[in-house]
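Taken in order, these protein sequences are the chains called A and B.
By the working numbering, the letter at position 144 of the first sequence is numbered 144, and the numbering carries on one by one without gaps.
By the working numbering, the letter at position 273 of the second sequence is numbered 273, and the numbering carries on one by one without gaps.
What the hints contain is simulated information worked out from the structure, not anything from laboratory work.
In this text, all values refer to a predicted model and were calculated from it rather than measured experimentally.
Some but not every residue of chain A turned toward chain B, in silico, with C-beta under 10 Å:
hint: 1; residue: Y86
hint: 2; residue: R155
hint: 3; residue: A158
hint: 4; residue: E162
Ideal placement from N, C-alpha and C gives every residue a C-beta, glycine not left out.
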Amino acid sequence: MSDAVMPEEQSFNDLYRDHRGWLEGWLRRRMSNGHDAADLSQDTFVRLLASSQRIADLQEPRAYLATVGKRLLTNFYKRRSLEQAYLNALALLPEDCVPSPEQRWILLETLQALDELLDGLPRPVRRAFLWSQLEGLTYQDIAERLSVSERTIKRYMAQAYEHCLLVTL
Amino acid sequence: MIGSAPSAEARQAVRAAAQWLALMESGSANERDRAELQTWRNSHSSHEQAWQKAQVLRQRFAELPSALAMASLDRPQESRRTVLKRGLGAVALVPAAWLISRQLPLEVWSADLRTATGEGKTVRLADGSSLQLNTASAVDIDLKKRWLKLVEGEIALSVPGISPLTVQTHFGQVVVSQGEVCVRQGQTGCKVSVLKGAVRLQPLHGPDFSLQAGQQVSLKAAGAGAIEPFDVLAPGWREGVLMAQNQPLGDFLRELSSYRPGVLRWEPALESLRVTGSFRLQDTDRILALLAASLPLEVHSRTRYWVTLLPRKNSV
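Could you put together the complete structure from these sequences and hints?
Right, dumping it as structure tokens:
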């Protein structure tokens, strides 16, 4: 390998140098924690590096960075709210069942992955799916809970399965 | 980062798999549907792949502790502001347990196998059959005689169809030619559930009869009871899961205690509470904790082996 900087890499370096400070400031105004903003800004550039987007082709680099940043920000809030709900549920459990922190995080990671998998499904479809998968409710039970027909639940379930399977293709 | 877009064929297979699965789970599928599903799965490798992926997906959800997962994944929508303001609070701890089934690498011809309370075991027999023992179970096997005696507890037996295997119970015999069956021996009867294929039953009294996949029946001293349908897709002890669907808590706890060494007691007032969910059997302490999180009860452990459930104070 030579040490020569490839043109694409050069563009990235320029972009990083010119706009990182701006992006971090942009994120900081939308978040309360400076460390989180710095992390997300870093993530945004990492995403850009990993994407197939040719940096030299970017007409409006800041608009592009803001778009990616916004998406990461939304994900960040989703993860944070999931984590919060998870910790609240954990807090309801008696103290004498003490697991290792490692196991706790494995479970959280699994839940976050599934949360992302389900992202984008309409609320009733998501609920029907969760009731079926996690609580083992029958389609009839779910139909009653949601006050819709069993046919609709069947459609919801097919939609949810298809959505999740497509993500993993 | 992301490879090429999935092919139209893969998308179509996924869509069809999703629809098949919804049909199967809806409870409205008939024999013909099942046969058509099989044909569809066999007709193309992409179909079978999509179907297997869907099963993996179901399994991922089945492995989760349902109360915790439900609280997390079905959380109310919150504004960013609320999320941030609350920050990350104090953390309680809970064990996350994953099924570790003990796989014995033996080729067994004849043996007396036994599991302790809370233990599971999987054995591959020399003829290619596979045998799983549930908690507190015992079997005597003699493959040369194509014979297996269920002394106590519960087994799942899968026979590839080279020659029939006979399971002998206290309440009759089950002949498995090709298929998969669960047999559970109790004090007063024996429950037979067919998961795949079909089996032939020989009760102590009354004529022989066949039982198909998706059907179960109880054999008693007086003969066979009525044949009932059940959901073959529902995960069970073989996956390390205890499922409850609007089940009286008393029944659930009696079942649970067969997986727990030691004493588990509860106040009669709790008997009629209802439980719904799928629970990992690997850690029964955690199941109790989850019950306490979702029902008005408290867990009092004198030791790990002496546990009492009481109605929660200040609850109605």
